[in-house]
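**Q** Sequence:
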Amino acid sequence: MDNRNENNIEDNYLRRLEEDQLRRNHQYDYFSKNLEHYEWKRDLYMISNSLVNIAYSLCSVTEQNEYNHYLTTLKHLSASITVMRERIISYRGYEKYLEFSLKSQQFIQVCKEVPSHNNQVKLYEFFERLLDAFEELPIPDSFRSH
Numbered sequence: 088m089d090n091r092n093e094n095n096i097e098d099n100y101l102r103r104l105e106e107d108q109l110r111r112n113h114q115y116d117y118f119s120k121n122l123e124h125y126e127w128k129r130d131l132y133m134i135s136n137s138l139v140n141i142a143y144s145l146c147s148v149t150e151q152n153e154y155n156h157y158l159t160t161l162k163h164l165s166a167s168i169t170v171m172r173e174r175i176i177s178y179r180g181y182e183k184y185l186e187f188s189l190k191s192q193q194f195i196q197v198c199k200e201v202p203s204h205n206n207q208v209k210l211y212e213f214f215e216r217l218l219d220a221f222e223e224l225p226i227p228d229s230f231r232s233h
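Per my numbering, the sequence shown runs over residues 88 to 233.
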């Protein structure tokens with residue numbers, strides 16, 4: 088057997104082992120009909136919670152550079168929620184994340200307009216809508232007090 092071919096086979100085998108290990112330890116199959124791991128629920132909720140906290144902070148920031156950093160963070164969190172939400176097939180209660188995702192995108196759009204129009208009232212109004220949508224999200228069992 089050619090030496091290069093042996094190396095490729097070994098490399099592919101090691102890569103597959105590593106991928107399997109990662110899948111077992113750190114990931115969950117969104118497409119499985121029998122979801123065995125529920126970490127995605129916790130992750131989705133935590134990202135949403137972080138988004139609301141950053142949005143709240145953004146409402147009171149006065150320094151432009153800091154405002155831009157918060158806004159960038161908000162955009163990334165919103166994109167993460169959208170990606171995770173799209174991977175959920177149909178899980179009862181998780182359709183609320185669609186509304187939350189839309190509200191976060193609306194809030195981001197308002198944030199882009201606020202510095203030029205200096206309209207804090209509109210920003211707070213959209214934050215309230217975002218917060219209301221967040222409060223409608225299903226709370227994972229790991230966050231409930233027993």
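Please note that a few of the clues may not be correct.
Derived pair list, reagent style DSS-like, types lysine-lysine, alpha-carbon separation capped at 25 angstroms [as the list claims (entries may be wrong)]:
| # | residue 1 | residue 2 |
| --- | --- | --- |
| 1 | Lys162 | Lys209 |
| 2 | Lys199 | Lys209 |
| 3 | Lys183 | Lys162 |
| 4 | Lys209 | Lys183 |
| 5 | Lys162 | Lys199 |
Between beta-carbon pairs, the in silico distance windows are [stated by the list, open to error]:
| # | residue 1 | residue 2 | range |
| --- | --- | --- | --- |
| 6 | Arg174 | Asp228 | 34 to 42 angstroms |
| 7 | Thr169 | Ser144 | 17 to 25 angstroms |
| 8 | Glu150 | Tyr100 | 52 to 60 angstroms |
| 9 | Ser147 | Glu222 | 18 to 26 angstroms |
| 10 | Val208 | Asp98 | 53 to 61 angstroms |
| 11 | Leu185 | Glu97 | 17 to 25 angstroms |
| 12 | Asn99 | Ala166 | 29 to 37 angstroms |
| 13 | Lys209 | Arg174 | 30 to 38 angstroms |
| 14 | Met133 | Glu153 | 19 to 27 angstroms |
| 15 | Glu223 | Glu173 | 17 to 25 angstroms |
None of these hints come from the bench; they were simulated from the model.
Quantities reported herein were computed from a predicted structural model and do not represent experimental measurements.
For glycine and all other residues, C-beta sits at the position ideal for the given N, C-alpha and C.
**Q** Each hint should be assessed against the structure and marked as holding or not.
**A** Structure-based check of each hint:
Under the criterion of a C-alpha separation no larger than 25 angstroms, the hint pairing Lys162 with Lys209 is consistent with the structure, at around 19 angstroms. With a CA separation close to 12 angstroms, the supplied pair Lys199 and Lys209 stays within the 25 angstroms bound. Distance restraint check for Lys183 and Lys162: the Cα-Cα separation of roughly 19 angstroms lies within the 25 angstroms cut-off, and the hinted pair is therefore satisfied. A hinted pair counts as satisfied when its Cα atoms are at most 25 angstroms apart, and Lys209 with Lys183 qualifies at roughly 23 angstroms.
For the proposed pair Lys162 and Lys199, the alpha carbon gap of about 11 angstroms is at most 25 angstroms, so the pair holds. Roughly 20 angstroms separates the CB atoms of Arg174 and Asp228, a value that falls outside the hinted 34 to 42 angstroms. Taking 17 to 25 angstroms as the suggested C-beta distance range, the pair Thr169 and Ser144 conforms, at roughly 21 angstroms. Checking the proposed 52 to 60 angstroms range against Glu150 and Tyr100 shows it holds: the Cβ atoms sit about 53 angstroms from each other.
For the hinted restraint 18 to 26 angstroms between Ser147 and Glu222, the CB-CB distance of approximately 20 angstroms keeps it satisfied. Separated by about 59 angstroms at the C-beta atoms, Val208 and Asp98 satisfy the suggested range of 53 to 61 angstroms. Checked against the hint of 17 to 25 angstroms, the pair Leu185 and Glu97 fails, with Cβ atoms roughly 45 angstroms apart. Evaluation of the 29 to 37 angstroms hint for Asn99 and Ala166 yields a pass: the beta carbon distance comes to about 32 angstroms.
At roughly 33 angstroms, the beta carbons of Lys209 and Arg174 sit within the given window of 30 to 38 angstroms. About 23 angstroms separates the C-beta atoms of Met133 and Glu153, a value consistent with the hinted range of 19 to 27 angstroms. At roughly 19 angstroms, the beta-carbon separation of Glu223 and Glu173 lies within the given 17 to 25 angstroms, and the hint holds.
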